[in-house]
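Q: Each chain, letter by letter, is given below.
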Amino acid sequence: MTLAKDDSAREEADAGTGMTGGADDGVTGEGYAPSARRLERERYRRARARRATAIAALSTLATAVVLYLVVVNAPGWPRTKETFFSAQYAREALPKVLEGLWLNIRLLAVCGVAVLVLGMLIAIARTLRGPVFFPLRVLAAAYTDFFRGLPLIINLMIVVLGVPALRLQGVTVDPVLLGGTALTLTYSAYVAEVFRAGIESIHPSQRAAARSLGLTNRQALRYVVLPQAVRRQVPPLLNDLVSLQKDTGLVSIGGAVDAVRAADIIVGRSLNYTPYIVAGLVFVALTIPMTRFTDWVTARMDRRAQGGSL
Amino acid sequence: MNGTDAPVLRLESVRKTFGGSVVLRDVDLEVAPHTVTALIGASGSGKSTLLRCANLLEEIDDGAIWLDGEEITDPRADQDAVRRRIGVVFQAYNLFPHMSVLDNITLAPRRVHGVSRAEAEERARELLERLGLGARADAYPDRLSGGQQQRVAIVRALAVRPRLLLLDEITAALDPELVGEVLEVVRGLKDDGMTMVLATHEMGFARDVADQVCFLDGGVVLERGTAEQVFGDPQQERTRRFLRRIVEAGRL
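For the protein sequence lines, the chains are A and B, in the order given. Position 207 (the first sequence) corresponds to 207 in full-length UniProt numbering; numbering is contiguous. Position 181 (the second sequence) corresponds to 181 in full-length UniProt numbering; numbering is contiguous.
A portion of the hints provided could be inaccurate.
Computed from the model, here is a short list of chain A residues facing chain B with C-beta under 8 Å [as the list claims (entries may be wrong)]: (1) S35; (2) A208; (3) G214; (4) L215.
Simulated from the structure, these hints should not be mistaken for lab results. Beta carbons: idealized from backbone N, C-alpha and C, even for Gly.
Produce the complete structure using the sequences and hints provided.
A: Structure follows, in structure tokens:
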């Protein structure tokens, strides 16, 4: 650790002098000239790297060409092209799909927050000690068991179609609200398990240290265990969030006009499936930045953990 | 409320088992105010367990423990209140990695003892200054050397002005060159009159600093006395053998 610090300090010093950035990586001791052996080695490595890049490019190109030929030469290709990849219908569908997507994004934002809060409460309920909390613990465990096991699509149908059928006074029949509720129910069960795993992954010595300072169980959880657990759970949580983002598309089964439903309407009218492709690509486009963000956060946390202790 | 000579910590016939194995067997111990008690013995002899029992991190099977004349092993005792009066320093430091040094130290004073942030930080900085860590208050634990981390852990335990300090092999995880700086701190605390119980493998240090030395073997206090008695003229064959091995290993 101290070594690493020394290194970075030296690098900073190098950067400070401003004119050291030669071809070699920061080794700029007084009067040092790379030996012929080193130059030869580096030349060889560069050549190897160039060759590797060339092979990768060639292999990718060959794969793409083969795939293209297979698809294009398929007997049904002209028909498929017309029904799935029609530029005309794509142009028609895109604005409608994007309009619908706004609903998905709002659903994601609201459900995301609700899921995090509810999931955290359930996870804490499951880790509470003490006999008073026994019923709470059992309820929380039953909740996660049930909603993690229940297929989301069935959950959605029960909530979106079943609740309005009850004709209860004052209960909404809005498919967006009901769909959002169903999503929250299922996803908070997942997220609760993620949080619980996080809480239990914090080494008991941390809790012991907190308790030895006189902190109560609750204070130890609040100030010592949870802050560390949440940090550790960021990558899996973001993973669940990406998943939730796609699944907001399922609220369309209740008739809410989201991106999927918008595509559906055009398909029903035209019998051309291009709008589905458009909606699918829009979801992918929305998910990719999220996935990259997840990767970035994970990598950053790994780097931090490497310099960390314990 | 107690006389000045009443023991701060008293153990009577303490018994502790893990599964089938007996870790502490009828252990008696008295720690007078402003004295240092060193627990020595091989690994697994029960030193750490004894300390953990004294802080109620482990529940004892039999016997009783008193802190300032109050039985803390009584199931009706308020465990948090007991722990508020005892400071503990662990072998692996157990600093909170997500908090800065200053936050580590001020956590208990602020959250448990209700001290204001300004006051808690002032005392923390004062203690850090005294232990030569004044410049590291805002650093995170993983930026500190092992010796620095352990000194921070000591400051954290001291910040709540404990009645008793338990030190559990606090130099065992340190490089030999870092051991000295931590032991120096403990010596300073003794001079301040802090009552301490320490489990240690540093025999030379135990001999220098301890008023009372207890040799534990197989969960029993086999031999006890002043440092001169235990190190100079051990009565038990097991103690003699243990000390001989220590000397052979060059640790005394």
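Q: Each hint should be assessed against the structure and marked as holding or not.
A: Hints and how they fare:
{"no.": "1", "hint": "S35", "result": "violated (36 Å)"}
{"no.": "2", "hint": "A208", "result": "holds (5 Å)"}
{"no.": "3", "hint": "G214", "result": "holds (4 Å)"}
{"no.": "4", "hint": "L215", "result": "holds (6 Å)"}
Hint violations for this structure: number 1 only, all remaining hints satisfied.
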